[in-house]
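J.: Chains as they are written, first to last, in the working numbering: chain Y, 2 to 279; chain F, 2 to 279; chain E, 2 to 279; chain G, 2 to 279.
To be clear, the hints were calculated from the coordinates, so they are not data collected in a lab.
Be aware that one or more of the hints could be misleading.
Intra- or inter-copy, both count: the list cannot distinguish identical chains.
The list that follows gives simulated cross-link-like pairs (lysine-lysine, DSS-like), each with its CA atoms no further than 25 Å apart [stated by the list, open to error]:
hint	residue 1	residue 2
1	K85	K157
2	K92	K129
3	K202	K42
4	K157	K84
5	K77	K16
6	K21	K46
7	K85	K42
8	K61	K21
9	K24	K77
10	K46	K202
11	K42	K275
12	K85	K72
13	K202	K275
14	K42	K24
4 protein chains.
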Amino acid sequence: MSTQARVLIDCQDAKGLVYKISKVFYDMHLNIDNNREFVDKEADKFFMRTVVDGEFEPQKLEHELRAILPKNADLKVVLPERKKIVLMVTKESHALGDILMRYVDGELNAEIEAVIGNYDTLEPLVRKFNIPFFHIPADNLGREEHEELIVEVLEKIDFDYIILAKYMRILTPNFVGRYKQRIINIHHSFLPAFIGANPYKQAYQRGVKIIGATAHFVTDDLDEGPIITQDVIPVNHRFNWQDMQRAGRNVEKIVLSRALDLVLHDRVFVHGNKTIVF
Amino acid sequence: MSTQARVLIDCQDAKGLVYKISKVFYDMHLNIDNNREFVDKEADKFFMRTVVDGEFEPQKLEHELRAILPKNADLKVVLPERKKIVLMVTKESHALGDILMRYVDGELNAEIEAVIGNYDTLEPLVRKFNIPFFHIPADNLGREEHEELIVEVLEKIDFDYIILAKYMRILTPNFVGRYKQRIINIHHSFLPAFIGANPYKQAYQRGVKIIGATAHFVTDDLDEGPIITQDVIPVNHRFNWQDMQRAGRNVEKIVLSRALDLVLHDRVFVHGNKTIVF
Amino acid sequence: MSTQARVLIDCQDAKGLVYKISKVFYDMHLNIDNNREFVDKEADKFFMRTVVDGEFEPQKLEHELRAILPKNADLKVVLPERKKIVLMVTKESHALGDILMRYVDGELNAEIEAVIGNYDTLEPLVRKFNIPFFHIPADNLGREEHEELIVEVLEKIDFDYIILAKYMRILTPNFVGRYKQRIINIHHSFLPAFIGANPYKQAYQRGVKIIGATAHFVTDDLDEGPIITQDVIPVNHRFNWQDMQRAGRNVEKIVLSRALDLVLHDRVFVHGNKTIVF
Amino acid sequence: MSTQARVLIDCQDAKGLVYKISKVFYDMHLNIDNNREFVDKEADKFFMRTVVDGEFEPQKLEHELRAILPKNADLKVVLPERKKIVLMVTKESHALGDILMRYVDGELNAEIEAVIGNYDTLEPLVRKFNIPFFHIPADNLGREEHEELIVEVLEKIDFDYIILAKYMRILTPNFVGRYKQRIINIHHSFLPAFIGANPYKQAYQRGVKIIGATAHFVTDDLDEGPIITQDVIPVNHRFNWQDMQRAGRNVEKIVLSRALDLVLHDRVFVHGNKTIVF
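This is chain Y alone, in the form it adopts within the complex (with noise of 0.2 Å):
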């Protein structure tokens, strides 16, 4: 018997779904905590995460849930338990830092499995943390090489997400494809400016006068996964492009740790290339 969890709903738009839905609720004697739907008209789908409270079971709650809803309806029934995620990264140390002192303080709401680097580089950090920390060289080795030994470590370890924090290798389709939804990237630009290399340089030669990060779900299209969340920062002539980077390393943290945040108490829906965040 369980006391509270997150019902996620993703299916095609329908009359009468909030009440069918809501009776669900009712008839098991669910306190609904909160609660926020969209539908999407365009696509005709319908969005829903509800926080329920009470005495139940969430297996009959599912099968209730799913007697009345559409066909091919995306249904979760979700134990607020902590997620446990993978972090991957290469030599930049702010994006990890922020995760692990927000682990450390108890803010972070998962469990840190893992750290795999392509450098060893943050492994000292990482260690003072008793965290495993997997060093996964990339020298001499093609894409698909150095990507079968990471797979290797990931097989070993139980985890619902891979977090990208500044990681600084292109990953595989094959890769993508493995986790699917389930890889999430900072992006040191303000997406869709400056896809590709080196974005601050971008930026700079551009003169730009406000730089961002972007957090998002990876896809195959590099750059081109739904985004989770962004944010920006004033710039001005006086940056040169080593000074944007230094004050956009404040931005990609902390929109990536928003974008955790979000992901971790299962408020974001993918939504073709877009993100529905609750």
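Please build the complex by placing chains F, E and G on the supplied structure of chain Y, with the hints as guidance.
T.: Frame of chain Y, contents of chains F, E and G only:
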């Protein structure tokens, strides 16, 4: 027979409210176009704004809903018609001007029935737009006497809201009580900082690095009414208080217009000295 | 005899420039009211904007300064007089309206000499303010032919800057070249994101969480001119592209007016495809 | 012989100051790498921060400058060496953690000489980074007695600034006076709003739509010291005060780190109860 209505509910929280309300919609064959709810657990209060579509009689909908709602529920079934507003001004034109321009380009979603000024400075501007301007000077008049003249004008006008677009006189509790939850003010500071006169001077003297503006409902407690929306802009040591004031005007007008837009779409519930904004 | 001038210097960097320039001011008994400098080391360029006070002949000051500046220095001694501007518009009124309102309340710091529209939609609004409106339709005209008619009108007007206040036609290199560094545009996106047509539709389809606006000088490369200022606002999944456009208008008008204010106070230096903003 | 110095001047305004100062630089064959000035006309005060490059003796430069500056000028010729700081903490780790992480990745531009805590909660975290932690409990001690113990520790340490990274005890005027303009605090509100205890509770009760944080120098007047930098984030009716506090932590840590960065690069002048930030 109507085709669209905004259902606004503000009542004691109770089990099954969403179910019972959505059942009414379902039984009357109404589509839920848009739905937002909020439960204030501390106060045990339930708030809901639903836009419904269909063929129905508003009175019947109201009757059916009232039958299932807790006693003393505050229920409104509002047709999405343009509201009517009266503006009150003194000498500064920026807030008034922004509203007039939105009126001109059809963005305002309201009829401006009249502008009342304690000075005639803005009369020529208002007249350009064929809007009645009432100049009601306060010279040699007590606050009550002056307000009596204003009320005399207001009594002849059919309106929903009074918008204080930089009206620089304090209103008496008597006036405020007469138009409860119907007067909206733009305060030239990031409330509750710099309550009282000359907020920009105060801000300058305090050496703040950010200034703001606050749109709020007017209550007896000056500058203490429920906040609808706020925004800020950065300033620095090169700003004297006049520069801050000049910079602040942009925020003031945008914040007031944003608040108006929310109120005119029935998106704002007053809840004690706070607001719920859907 | 003048009492105040803005000295604008843009030249090759050299040792002792600040000393030599401030010596000229000192020897002419001028007060430095305000002084900003910037050295772009990569480009080896020096920029300075100084406001000086005193009794002096502007030509003499210019002569003395030129004597100590590097050859080919770009030097201007500008008296703080109101600039003259021409606005170009199409159908949307928000950017035009914001400028008109600043004009009315004395905040604009410029004379509006004329408004040119390829449609007559905004003529009644402009006429209210006793500003000449020239309707120059583009129907059945090639781009060059249409611009010839515009140039014909412009040639009869004495003006400093052309402001494209949501003018929705692309200008030819010929037109742009004729008014080099004198045309300012508001682009309805956070450049360089969403270059080209319908940026709000693009933004909606990409699922961004922030939209923005960019004021820039117009150059041959469409949407690639030197950026003067940018700003953004948050959006979310509940915004369709029209909502984004509506929200974007607030940013557009504020960003354009802020850029105008900077340019009209001679605070902006163009430096390649970038700007220095003092 | 040095190669770079920051020249900091804070004095009575006088004619020809820029000329006389730049003449000293010129005569000593120094390059001006970067230069910012500000004149507060109301207070008749001149502020200047210049970074100079070249071969020179700092003492000689100081001597030459003093010869041409007004009496009582506050002049410093600072070599760009890393400053030394002491952190004071209580139980919350987010501000401390952000500083530690910047320390780890070489972004801090300072040596952390010690951390002092009135609780030992954060000792394990600090120890991970091989930084001395002094636990000085306040139990059963008067404010003065407790501070005596702290001063005892501080007296043995060579440091430039004390950073209150969420140190939750009020300091006595005696302590503050001992380290004048050397104590920096992060206040968990957008000062001057919500002075005093529990600002997040106050903010929640007031129903604000934005919360903020303020980094400032500590003076006798609690929460009234010169503001270095401030920032804000939006909140809404769904935030209870704990949510506001959680959201506020991101702003607090970023604002404190930004203030630190400015102070550690000698970019902040204190001017009465305000700051000049170059």
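J.: Indicate, hint by hint, whether the structure satisfies it.
T.: Results of checking the hints against the structure:
In this assembly of identical chains, the alpha carbons of K85 and K157 lie at most 25 Å apart only when taken from the same copy (13 Å versus 45 Å across copies). Taking identical chains as interchangeable, the C-alpha atoms of K92 and K129 lie at most 25 Å apart whether they share a chain (16 Å) or sit on different chains (20 Å). Taking the shortest Cα distances, K202 and K42 sit within 25 Å of each other only across copies (16 Å), while inside one copy they are farther apart (40 Å). With identical chains, the CA atoms of K157 and K84 are at most 25 Å apart within one copy only, with a shortest distance of 17 Å there and 46 Å across copies.
When the C-alpha separation of K77 and K16 is checked against a cutoff of 25 Å, the pair qualifies both within a copy, at 21 Å, and between copies, at 23 Å. In this assembly of identical chains, the alpha carbons of K21 and K46 lie at most 25 Å apart whether taken from the same copy (16 Å) or from different copies (24 Å). Within a single copy, K85 and K42 get their C-alpha atoms no closer than 34 Å, and across copies no closer than 30 Å, so neither meets the 25 Å cut-off. When the C-alpha separation of K61 and K21 is checked against a cutoff of 25 Å, the pair qualifies both within a copy, at 16 Å, and between copies, at 22 Å.
Proximity of K24 to K77 under the C-alpha cut-off of 25 Å is found in both arrangements, the shortest distances being 17 Å within a copy and 24 Å between copies. For the identical chains of this complex, K46 and K202 are inter-copy neighbours only, at 20 Å across copies versus 40 Å inside a copy, given an alpha-carbon limit of 25 Å. Proximity of K42 and K275 under a CA criterion of 25 Å is satisfied intra-copy only: 15 Å inside one chain copy versus 32 Å between copies. Neither within a single protomer nor between protomers do K85 and K72 lie at most 25 Å apart by alpha-carbon distance, with minima of 30 Å and 46 Å respectively.
Taking CA atoms no more than 25 Å apart as the test, K202 paired with K275 passes between copies only; the shortest distance there is 14 Å, against 27 Å inside one copy. Taking CA atoms no more than 25 Å apart as the test, K42 paired with K24 passes in both settings, with 24 Å inside one copy and 22 Å between copies.
Checked against the numbered hints above, the structure violates hints 7, 12; every other hint is satisfied.
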